[in-house]
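A.B. asks: Residue numbers (the working numbering), protein chains in the order written: chain A, -19 to 19; chain B, 2 to 140; chain C, 1429 to 1652.
Be aware that one or more of the hints could be misleading.
Unchecked claim - In silico BS3-like links for lysine-lysine, alpha-carbon gap of 25 angstroms or less:
no., chain 1, residue 1, chain 2, residue 2
1, C, K1557, B, K33
2, C, K1557, B, K108
3, B, K33, A, K17
4, C, K1582, B, K30
Keep in mind the hints are simulated off the structure, nothing from the lab.
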Amino acid sequence: MNEQDRRRRRALIAFQIFIYGALLAMFLIQLQMLMVKDW
Amino acid sequence: MIENASKEGSASSADLPLGTTPAFARMHKWLKRGLFVCLFGLVIEGALTVPVIAVWYGWPTLSLTEICSELMKVRYSDDTLECTQPYPLSGPPFGGAPEAAGQQTAKDQWGIQPVPQYPHVGFRELVRIHNERQAANKP
Amino acid sequence: MVSLTLDAHQDESRRAQREADRWLIAGTILMGTLVLGPVGLPVFCRGVYLLRRAQQVGLSVRPMMVTLIGYVVILDAAINSIGWGLDVFANHALITRTIFTAWGNLMDGGYFWHYNELWIGGAGAPGEKAWIIVCIVVVFPMRIAAAIGLLQMKRWGHQWTIVTCWFGVISWMGYILNMTMYADVRYAGVALPVIGWWLYNIFYITPFLAIPYLHTVNREIFSD
Chain A
-19 MNEQDRRRRR
-9 ALIAFQIFIY
1 GALLAMFLIQ
11 LQMLMVKDW
Chain B
2 MIENASKEGS
12 ASSADLPLGT
22 TPAFARMHKW
32 LKRGLFVCLF
42 GLVIEGALTV
52 PVIAVWYGWP
62 TLSLTEICSE
72 LMKVRYSDDT
82 LECTQPYPLS
92 GPPFGGAPEA
102 AGQQTAKDQW
112 GIQPVPQYPH
122 VGFRELVRIH
132 NERQAANKP
Chain C
1429 MVSLTLDAHQ
1439 DESRRAQREA
1449 DRWLIAGTIL
1459 MGTLVLGPVG
1469 LPVFCRGVYL
1479 LRRAQQVGLS
1489 VRPMMVTLIG
1499 YVVILDAAIN
1509 SIGWGLDVFA
1519 NHALITRTIF
1529 TAWGNLMDGG
1539 YFWHYNELWI
1549 GGAGAPGEKA
1559 WIIVCIVVVF
1569 PMRIAAAIGL
1579 LQMKRWGHQW
1589 TIVTCWFGVI
1599 SWMGYILNMT
1609 MYADVRYAGV
1619 ALPVIGWWLY
1629 NIFYITPFLA
1639 IPYLHTVNRE
1649 IFSD
């Protein structure tokens, strides 16, 4: 149970990093566009 | 019955909420805090949305219909457009034509990625625009 | 602590749960109207307080986290559905035309650019209607139904809330990617480009906070 718990926790942390990382990446891409384009 | 049995099982860590095992207690605590932040955020910004937008675009100096018409003029670059109020019920999505059907005046750089060409509208700038047009049309 | 028989304990627990839920439901409904949100929040918090008090005296009530996830997921879905529902079904009402185009001009050009020119009316930004319709017809109703099952401590509610929260990965990523592809339409001429939209919408990540909890909570607490 302990090993399974540890693997589960690691997987869920990886998911959080993935999803917030993806959102951050898209935010940064849009921010970069904002700086380059004449919006 | 199942709930009571589980409660017995986690009674040894009596300060933990039902369903939370010690391995995940810290994770659950932070998730709970995150959810409360989101809840308060959603509620506060939800409540502020309509008032802030209304004031930014000229309310109460301009009525809602006037704001609607001013925005329509900006978005289609045509000073003659007005918001028909009330709009006939036969309109979208019940098959009738939408209010801007067949418009030709909108300024865009067309292409695979269109680029709108309308000007920015600053804080309460619609009031100034509206008043200037009234003054210009008066004589 | 008063010692009760099993029956009395269960009755008392159920009564306390129902009382808390009445405040929670009322609060959520009020918050769902957006404008009455500041009234709904204290009402909701009273429900939270009643639930915590019942927990502290040893009654078997729904865990706080399950309660929070259930109601917040419902609120999230309801607010989105109302907004987007207006865009699809009431796009020529005065309040919709005014507030949506104003919001569009302020934060997201997709709701300003050629608004109400599409045959179906509403937002005309490329791809926007597709995302709106799939969300209000598929994602949010399923999520609300699942969250209600979760609040009832049903096993299927727990499972389906997991599934419908995972939908959020597709809907968030797809929606934002679409915005990014047509970024000029969404942000050119807008008062608060990029920053406005992200600050406003970041609070809708609630499904991503629910997922880790739902995967690590002890499944036994949910019955069929």
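A.B. asks: Hints broken by the structure, by number, lowest first?
C.D. replies: Violated: hints 1, 3.
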